[in-house]
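If you're matching them up, the sequences are chains S and D in order. Using this note's numbering, you'd call the opening residue of the first sequence number 1 and step up by one each time. Using this note's numbering, you'd call the opening residue of the second sequence number 1 and step up by one each time.
Please note: incorrect hints may appear among the correct ones.
To be verified - Not the full set, but computed from the structure, chain D residues with beta-carbon under 8 Å of chain S:
hint	residue
1	D3
2	L8
3	H10
4	D80
5	A88
6	A90
7	G91
8	R254
No lab work stands behind these hints: they were computed from the structure. Every residue, glycine too, gets a C-beta built ideally from N, C-alpha and C.
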Amino acid sequence: MLDVRGLSRAYGRHLVVSEVTFSVERGRMLALLGPNGCGKSTTLKVLSGAIAPTSGTFTIDGAAAGSDTARRATGYVPDTRGVFPRLTGGEHLELAARLHHTSDWQARADELIDRLALDEVVDLPAAAYSHGQSRRLSMAMALVSRAPLLLVDEPFDGVDLEGVDTITELLAEARSDGAAIVLTTHLLDAAVVADEVAVFRGHTLDGPHPTDALLAEHGSLQQAWKHLSAT
Amino acid sequence: MGDITLGLRHQLRNSWRLSRAFAIGAIVMTLLMHGLAILVAAMHAVIPTDTVTVEAVLPLAAGLWSALALLPALGGGESDDPMALTAAGAGRSFRFGARFASSLTDAGPGLFIPALALVGAAVAGWPGWLAGLALAWNGLASGQLSGVASAILVTRIGPTLALIVVAAIVLLSATVLAASGVGPGAWWLSATAQPAYNLLLVGSGLLALAGAWALNRPAELIVRPARPVRIPRGDLAAVVVTMLVGVSRSVMARSTIVTAVLTPLLVASAGAEVTGSIAFFVTAAAAAVLGANGYAYDGGAAVWLLGKAPRWYLLTGRLITTALWALLLSVIAAVVAALAGAPVSAALLPQLVLVSIGAAAAGLVPSVRRATPTDFNSFRSQPAPVASALGTLSRSVALTVVVLYAPFGLAALAVLGYLVFALLHAHIALRDPIALAALT
Chain S
1 MLDVRGLSRA YGRHLVVSEV TFSVERGRML ALLGPNGCGK STTLKVLSGA
51 IAPTSGTFTI DGAAAGSDTA RRATGYVPDT RGVFPRLTGG EHLELAARLH
101 HTSDWQARAD ELIDRLALDE VVDLPAAAYS HGQSRRLSMA MALVSRAPLL
151 LVDEPFDGVD LEGVDTITEL LAEARSDGAA IVLTTHLLDA AVVADEVAVF
201 RGHTLDGPHP TDALLAEHGS LQQAWKHLSA T
Chain D
1 MGDITLGLRH QLRNSWRLSR AFAIGAIVMT LLMHGLAILV AAMHAVIPTD
51 TVTVEAVLPL AAGLWSALAL LPALGGGESD DPMALTAAGA GRSFRFGARF
101 ASSLTDAGPG LFIPALALVG AAVAGWPGWL AGLALAWNGL ASGQLSGVAS
151 AILVTRIGPT LALIVVAAIV LLSATVLAAS GVGPGAWWLS ATAQPAYNLL
201 LVGSGLLALA GAWALNRPAE LIVRPARPVR IPRGDLAAVV VTMLVGVSRS
251 VMARSTIVTA VLTPLLVASA GAEVTGSIAF FVTAAAAAVL GANGYAYDGG
301 AAVWLLGKAP RWYLLTGRLI TTALWALLLS VIAAVVAALA GAPVSAALLP
351 QLVLVSIGAA AAGLVPSVRR ATPTDFNSFR SQPAPVASAL GTLSRSVALT
401 VVVLYAPFGL AALAVLGYLV FALLHAHIAL RDPIALAALT
């Protein structure tokens, strides 16, 4: 579904992502781990089409990076608020669905609003949302069109415990429905659900490694991360 | 095409919610002005205006075209957070539609488009009215292209150089407009007599729009190393230095410097006599941009949230920062005007200082009550509401006119009186600064 080859990105002379290569099949979830500033969010920004790679290539479901086909196949949760201050929650979901050319979206939107506990604020402009509510709305936007590729950047940031559980469930369901998922998080307990884990060392990527194998070898993802970061 | 329509609708809805009262006022004013243009065109044969020739008003038409072509590159209009657009799945066509609608709902087009129709109608009747509309279309479309060009250039050569390059291209086009037989100005001149030339204006506008569609891409944050600045120990000095650093590093503030250089040159290139008074109006306009766009430019919101600075320090710091920046702009504009042939005297300096203080005071209250997030490092996201910017500009220009035409002592009294009023008003408004807190 997602095939990334030698992807690099620099801001001016500052190299943030260096020669990253990985692929994610349908129905699989990859967790990208690493310290702040290592290039996790930049990698997802490039894959989402928000910024261009400095070098390297990637395809989404065989479509070239930046094409309309690739864009419509992608659901993206950015690490920022990523919402329109003057649109209501419901309008956000409608906009996302229409831009993905999804016709049958209303029932899915209602379900997401209910499960992500946005029903009380759905008719309010997003400027009135708390940080956690903005994150939930961003999650709903990514899921409303049932995109076959989900790029999810720190989805648990600022979200309460119940919300973390709901988002984890929704991601698991999307994977069961055949979506390929790339997730970044510092919440290692939540990253355990991923099929594979890759760790940024400096600005290059180590992995992906099967999660089960890492857990068997190191006991926990925290230990695995420390080991992979250090070596 | 569907995504373009979605983008247009999205941004029109945004603008409507941002400032409904302004939108209604702008629509009414646009309709009235355009109605006047139609009336003038209809009356042209009955009341001949032989005293004003088409050639004589070309500089005015060229200036209005330049404003339409330049605004989207220097900022202006409303654009969304690039990450929100990406999260929603926005592509090239949506962005194109949204940016076009954003330009349509900016302060300029509502005024400039009917003004061009009116100018054409006044000098050439119905053919002039049609040519005015065609020239406005061309300027609007060229503006989309210059906006996209500036967004591309900013990632390659940095924001300051990008602004200078785009502004220079528009200046060059304006010069060509006024002086040669090639370009929209010359076509407009011909179209007032032979309507077939309108096709050239409309066709080249369509080409510019196609270019803007093909080249447009998401706005990108530009991160560059900054030279560290030492923050002084004194509270007020620390606030002022922090704010000055913030302003000097913002792209919009830099664009005001480009404006200060460009305005006298544009006036001169259009064939009109350059005067020293340009420095006053550049100051008033540019300080209004800084004032209306709120504390986000100067880091004042962050200073307030730190809770270390008393309200008076915050307001005084903001006043000093904006006034100093305005004074710098006025000096730049005056020097450029002098180089372009204007008689500029050092005796103007006290008045420029007064105008700078007035312009800074004009933006004080709205920046507290309706502070808006702005983008420090790249071309913009979410600038001040148009109504707020126009309100600040109107107060600033009104004070400037007082300084220009009243005796100095009386003008100083008026400006300082308004300053005291603005400070007291802002001090009360800042007691519960929800707007500033919302910036973080």
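To see whether the hints hold, each was checked on the structure:
Taking 8 Å as the C-beta contact cut-off toward chain S, the hint placing D3 (chain D) at the interface holds, the least distance being around 7 Å. For the restraint placing L8 (chain D) at the interface with chain S, the shortest Cβ-Cβ distance is roughly 13 Å, beyond the 8 Å limit, so the hint is violated. With a least beta-carbon distance of about 7 Å to chain S, the hint placing H10 (chain D) at the interface is held under the 8 Å criterion. The interface hint given for D80 (chain D) holds, since its Cβ lies 6 Å from the closest Cβ of chain S, which is under the 8 Å cut-off.
Given the 8 Å rule on beta carbons, the hint for A88 (chain D) holds: about 5 Å separates it from the nearest Cβ of chain S. Nearest Cβ of chain S to the Cβ of A90 (chain D): about 6 Å, under the 8 Å cut. The hint holds. The criterion of a C-beta within 8 Å of any C-beta in chain S is met by G91 (chain D), whose closest approach is roughly 5 Å, and the hint holds. Given the 8 Å rule on beta carbons, the hint for R254 (chain D) is violated: about 17 Å separates it from the nearest Cβ of chain S.
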